[in-house]
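There are 2 protein chains.
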Amino acid sequence: MTRFFVTPDELNEKNPRLTGENGKHASVLRLRAGEEVILCDGRGQECRCSVLENRGGEYILETIERRKSPSEPEVLASIYMAYAKGDKLEHVIQKATELGAYEIVVFPSARCVSRPEEKSLGKKLERWQKIARSAAEQSGRGWIPQVIALESFAQALARATQTDLSILFYENEHANTLRHSLEKASFHTVSLLTGPEGGLEEREVQEAERAGLQICTLGSRILRCETAPLCALSAVMFASGEF
Amino acid sequence: MTRFFVTPDELNEKNPRLTGENGKHASVLRLRAGEEVILCDGRGQECRCSVLENRGGEYILETIERRKSPSEPEVLASIYMAYAKGDKLEHVIQKATELGAYEIVVFPSARCVSRPEEKSLGKKLERWQKIARSAAEQSGRGWIPQVIALESFAQALARATQTDLSILFYENEHANTLRHSLEKASFHTVSLLTGPEGGLEEREVQEAERAGLQICTLGSRILRCETAPLCALSAVMFASGEF
Numbered sequence: 001m002t003r004f005f006v007t008p009d010e011l012n013e014k015n016p017r018l019t020g021e022n023g024k025h026a027s028v029l030r031l032r033a034g035e036e037v038i039l040c041d042g043r044g045q046e047c048r049c050s051v052l053e054n055r056g057g058e059y060i061l062e063t064i065e066r067r068k069s070p071s072e073p074e075v076l077a078s079i080y081m082a083y084a085k086g087d088k089l090e091h092v093i094q095k096a097t098e099l100g101a102y103e104i105v106v107f108p109s110a111r112c113v114s115r116p117e118e119k120s121l122g123k124k125l126e127r128w129q130k131i132a133r134s135a136a137e138q139s140g141r142g143w144i145p146q147v148i149a150l151e152s153f154a155q156a157l158a159r160a161t162q163t164d165l166s167i168l169f170y171e172n173e174h175a176n177t178l179r180h181s182l183e184k185a186s187f188h189t190v191s192l193l194t195g196p197e198g199g200l201e202e203r204e205v206q207e208a209e210r211a212g213l214q215i216c217t218l219g220s221r222i223l224r225c226e227t228a229p230l231c232a233l234s235a236v237m238f239a240s241g242e243f
Numbered sequence: 244m245t246r247f248f249v250t251p252d253e254l255n256e257k258n259p260r261l262t263g264e265n266g267k268h269a270s271v272l273r274l275r276a277g278e279e280v281i282l283c284d285g286r287g288q289e290c291r292c293s294v295l296e297n298r299g300g301e302y303i304l305e306t307i308e309r310r311k312s313p314s315e316p317e318v319l320a321s322i323y324m325a326y327a328k329g330d331k332l333e334h335v336i337q338k339a340t341e342l343g344a345y346e347i348v349v350f351p352s353a354r355c356v357s358r359p360e361e362k363s364l365g366k367k368l369e370r371w372q373k374i375a376r377s378a379a380e381q382s383g384r385g386w387i388p389q390v391i392a393l394e395s396f397a398q399a400l401a402r403a404t405q406t407d408l409s410i411l412f413y414e415n416e417h418a419n420t421l422r423h424s425l426e427k428a429s430f431h432t433v434s435l436l437t438g439p440e441g442g443l444e445e446r447e448v449q450e451a452e453r454a455g456l457q458i459c460t461l462g463s464r465i466l467r468c469e470t471a472p473l474c475a476l477s478a479v480m481f482a483s484g485e486f
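Going line by line, the protein sequences match chains A and B.
If you count the first sequence from 1, position 28 lands on 28 in the working numbering, and the numbers rise without skipping.
If you count the second sequence from 1, position 163 lands on 406 in the working numbering, and the numbers rise without skipping.
If you're looking for bench data, these hints aren't it; they were derived computationally from the structure.
Positions of the beta carbon are idealized from the N, C-alpha and C atoms, including for glycine.
Fair warning: there could be bad hints in the mix.
What the hints assert, rightly or not - Every beta carbon over 12 Å from chain A, so not counted as near; a handful from chain B, in silico:
1. Pro251
2. Asn255
3. Leu274
4. Ile391
5. Glu416
Unchecked claim - Straight-line C-alpha distance at most 30 Å; calculated DSS-like pairs for lysine-lysine:
6. Lys85/A to Lys123/A
7. Lys184/A to Lys427/B
8. Lys85/A to Lys331/B
9. Lys85/A to Lys328/B
10. Lys85/A to Lys367/B
11. Lys328/B to Lys366/B
12. Lys267/B to Lys367/B
13. Lys123/A to Lys331/B
14. Lys123/A to Lys88/A
15. Lys88/A to Lys373/B
16. Lys362/B to Lys130/A
17. Lys88/A to Lys267/B
18. Lys373/B to Lys257/B
19. Lys88/A to Lys366/B
20. Lys311/B to Lys257/B
21. Lys267/B to Lys366/B
22. Lys267/B to Lys257/B
23. Lys68/A to Lys24/A
24. Lys328/B to Lys88/A
25. Lys124/A to Lys24/A
26. Lys124/A to Lys88/A
27. Lys328/B to Lys130/A
28. Lys130/A to Lys184/A
29. Lys124/A to Lys267/B
30. Lys331/B to Lys366/B
31. Lys24/A to Lys328/B
32. Lys14/A to Lys68/A
33. Lys184/A to Lys24/A
34. Lys373/B to Lys124/A
35. Lys24/A to Lys267/B
36. Lys85/A to Lys267/B
37. Lys367/B to Lys88/A
38. Lys331/B to Lys88/A
39. Lys14/A to Lys130/A
40. Lys373/B to Lys362/B
Given the sequences, and given the hints that come with them, work out the whole structure.
So, in structure tokens, the structure goes:
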């Protein structure tokens with residue numbers, strides 16, 4: 001069933017409408033009266049609706065059933081990714097959304113080779129948010145992950161440690177496994193931090209450990225900066241019983 | 244430590260040499276006498292070597308230690324991916340190699356929108372094999388996954404079921420989890436099958452089930468054809484204790 005994201009207010013109307021981009025998309029799909037679609041507020045609430053009529057490119061719907069989105073994972077996983085080259089960052093935003101990320105946080109670290117300038121950050125965030133929205137639509141998510149940019153590594157550590165469990169993946173950690181960290185205690189929220197192309201500096205890893213993050217390995221193969229967060233997220237989703 | 248792939252014969256020499264592309268790469272790195280490198284046959288055997296001398300662009304080495312490559316996973320996971328558009332296939336070959344795949348098998352299925360022509364397949368396989376080799380080098384693998392092209396879906400099923408465990412992931416399967424399939428019995432080899440952009444047809448899934456594959460879900464989000472195999476592989480590596 002086709003999904004459309006609308007605002008929470010639009011979702012709460014008795015007869016929600018598909019307007020603007022949603023209306024155009026519905027026209028392309030040649031939606032007819034009686035067909036069913038899903039409206040979703042991107043915040044976990046959705047409605048099954050049937051099409052009443054197409055009024056000049058605007059579709060009038062009727063709500064059949066309101067529900068909590070059934071496709072959202074139990075565990076809220078925040079992806080913390082150090083700035084990487086644009087295409088890698090966009091790749092991770094798209095794929096992490098598909099895989100069920102709750103939010104995606106980007107931050108600078110010592111060896112980052114690319115970091116957007118202050119003045120272009122607004123436009124970039126807009127672009128990244130669109131990628132997350134589109135991936136959420138395609139994968140049937142009920143939640144659009146927010147993409148958040150932080151100003152420093154210290155800020156990333158401070159924010160990440162507010163979740164029940166926070167983990168930094170480091171290629172020079174060989175003993176402590178992700179499994180071990182996940183099994184230590186139950187958790188509902190988790191932060192997964194990974195470094196940039198050139199890796200994290202040892203002092204950064206020590207800083208993270210002092211801040212309360214667990215330092216884990218992702219196995220004995222060196223993963224690229226765009227592979228590590230997706231590998232970690234897949235494993236956390238598996239470990240928390242999603243599949 | 245830098246890794247170079249050589250043939251098994253070259254690896255067995257008392258004084259292995261870096262020639263050709265390897266020699267050029269060593270020159271770029273400005274290797275000096277006394278420095279250590281890893282030679283690897285791409286078949287799981289490797290040698291720690293020290294550089295003796297640079298003789299006109301060829302590097303003469305001395306073997307310090309022979310060993311089984313320590314970066315290879317315990318479980319041999321074969322990725323079976325239906326033909327997808329070129330860039331997606333190449334993406335999966337690169338990432339699956341990083342994540343520890345044993346081999347990567349491509350095959351046609353009913354809804355494949357792109358399948359290489361017979362005459363161009365040889366060149367494509369050569370290119371894909373290069374991608375696997377390069378990803379193996381970068382990620383520190385001791386094994387270069389072979390990329391294998393099969394002619395039919397039936398062939399894929401017949402070959403996949405030769406491993407201890409063979410699993411097909413299907414977006415319309417909601418009950419049987421990967422975890423459940425992995426926990427049923429111990430395994431050393433596993434095949435992970437995923438469909439093309441348009442998904443597998445129901446009759447193909449039934450054919451797979453009759454052939455002895457387990458049909459599993461990867462969670463309630465719809466994964467793209469290039470995301471599913473990497474998500475499954477990450478989970479299998481995690482489940483088998485790699486990280």
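Each hint tested on the structure:
Non-interface call for Pro251/B relative to chain A: holds, since the shortest CB-CB distance, roughly 21 Å, exceeds 12 Å. With 12 Å as the threshold on Cβ separation, the claim that Asn255/B sits away from chain A holds: the shortest Cβ distance comes to roughly 24 Å. Residue-level check passed: Leu274/B sits 20 Å from the nearest beta carbon of chain A, beyond 12 Å. Listed as a non-interface residue, Ile391/B keeps its Cβ farther than 12 Å from every Cβ of chain A; the least gap is roughly 21 Å.
For Glu416/B, the shortest C-beta to C-beta distance to chain A comes to about 10 Å, within the 12 Å cut-off, and the non-interface label is violated. Between Lys85/A and Lys123/A the CA atoms are separated by roughly 16 Å; this keeps the pair inside 30 Å, and the hint holds. Restraint check: the Cα-Cα separation between Lys184/A and Lys427/B comes to about 25 Å, which is no more than 30 Å; the hinted pair holds. A distance of roughly 19 Å separates the Cα atoms of Lys85/A and Lys331/B; the hinted pair therefore holds under the 30 Å criterion.
Using a Cα cut-off of 30 Å, the hinted pair Lys85/A and Lys328/B holds, with the two alpha carbons roughly 24 Å apart. Between Lys85/A and Lys367/B the alpha-carbon distance is near 28 Å, which keeps this suggested pair within the 30 Å criterion. The hinted pair formed by Lys328/B and Lys366/B meets the criterion: a straight-line CA distance of about 16 Å does not exceed 30 Å. This hinted pair checks out: Lys267/B and Lys367/B have alpha carbons roughly 25 Å apart, not beyond 30 Å.
Between Lys123/A and Lys331/B the alpha-carbon distance is near 28 Å, which keeps this suggested pair within the 30 Å criterion. Between the alpha carbons of Lys123/A and Lys88/A the distance comes to roughly 17 Å, so the proposed pair stays at or under 30 Å and holds. Pair hint Lys88/A plus Lys373/B holds up; C-alpha atoms about 21 Å apart against a cutoff of 30 Å. Pair hint Lys362/B plus Lys130/A does not hold up; C-alpha atoms about 40 Å apart against a cutoff of 30 Å.
Taking the CA atoms of Lys88/A and Lys267/B, the gap is about 29 Å. The hint holds against a cut of 30 Å. Taking the CA atoms of Lys373/B and Lys257/B, the gap is near 28 Å; set against the 30 Å cutoff, the hint holds. A C-alpha spacing of about 28 Å is found between Lys88/A and Lys366/B, which places the hinted pair at or below 30 Å, so the restraint holds. Of the supplied pair hints, the one linking Lys311/B and Lys257/B holds, its CA atoms being roughly 17 Å apart against a limit of 30 Å.
Distance hint between Lys267/B and Lys366/B is fulfilled; the C-alpha atoms sit about 24 Å from each other, no more than 30 Å. As the CA atoms of Lys267/B and Lys257/B are separated by approximately 21 Å, the hinted pair is consistent with the 30 Å bound. For the given pair, Lys68/A sits about 26 Å from Lys24/A by alpha-carbon distance, which is consistent with the 30 Å threshold. Of the pairs offered as hints, the one joining Lys328/B and Lys88/A holds, with about 19 Å between alpha carbons and a cut-off of 30 Å not exceeded.
In summary, the hint linking Lys124/A to Lys24/A is supported, as the alpha carbons are separated by about 25 Å, within the 30 Å threshold. For a cut-off of 30 Å, the pair hint linking Lys124/A to Lys88/A stands: about 14 Å separates their Cα positions. As the CA atoms of Lys328/B and Lys130/A are separated by approximately 24 Å, the hinted pair is consistent with the 30 Å bound. Restraint check: the Cα-Cα separation between Lys130/A and Lys184/A comes to about 36 Å, which exceeds 30 Å; the hinted pair is violated.
Distance restraint check for Lys124/A and Lys267/B: the Cα-Cα separation of roughly 39 Å exceeds the 30 Å cut-off, and the hinted pair is therefore not satisfied. Between Lys331/B and Lys366/B the CA atoms are separated by roughly 17 Å; this keeps the pair inside 30 Å, and the hint holds. Distance hint between Lys24/A and Lys328/B is fulfilled; the C-alpha atoms sit about 27 Å from each other, no more than 30 Å. Pair hint Lys14/A plus Lys68/A holds up; C-alpha atoms about 17 Å apart against a cutoff of 30 Å.
For a cut-off of 30 Å, the pair hint linking Lys184/A to Lys24/A is broken: about 50 Å separates their Cα positions. As the CA atoms of Lys373/B and Lys124/A are separated by approximately 34 Å, the hinted pair breaks the 30 Å bound. For the hint pairing Lys24/A with Lys267/B, the CA-to-CA distance comes to about 56 Å; that exceeds 30 Å, so the pair is violated. Restraint check for Lys85/A and Lys267/B: the C-alpha separation of about 28 Å stays at or below 30 Å, so the hint holds.
Taken as a hint, the Lys367/B and Lys88/A pair is honoured in the structure, with Cα atoms around 25 Å apart against an allowance of 30 Å. This hinted pair checks out: Lys331/B and Lys88/A have alpha carbons roughly 15 Å apart, not beyond 30 Å. For the proposed pair Lys14/A and Lys130/A, the alpha carbon gap of about 28 Å is at most 30 Å, so the pair holds. Note on Lys373/B and Lys362/B: the hinted pairing holds, with a Cα-Cα distance of about 19 Å set against a maximum of 30 Å.
When each numbered hint is compared with the structure, violations occur for hints 5, 16, 28, 29, 33, 34 and 35.
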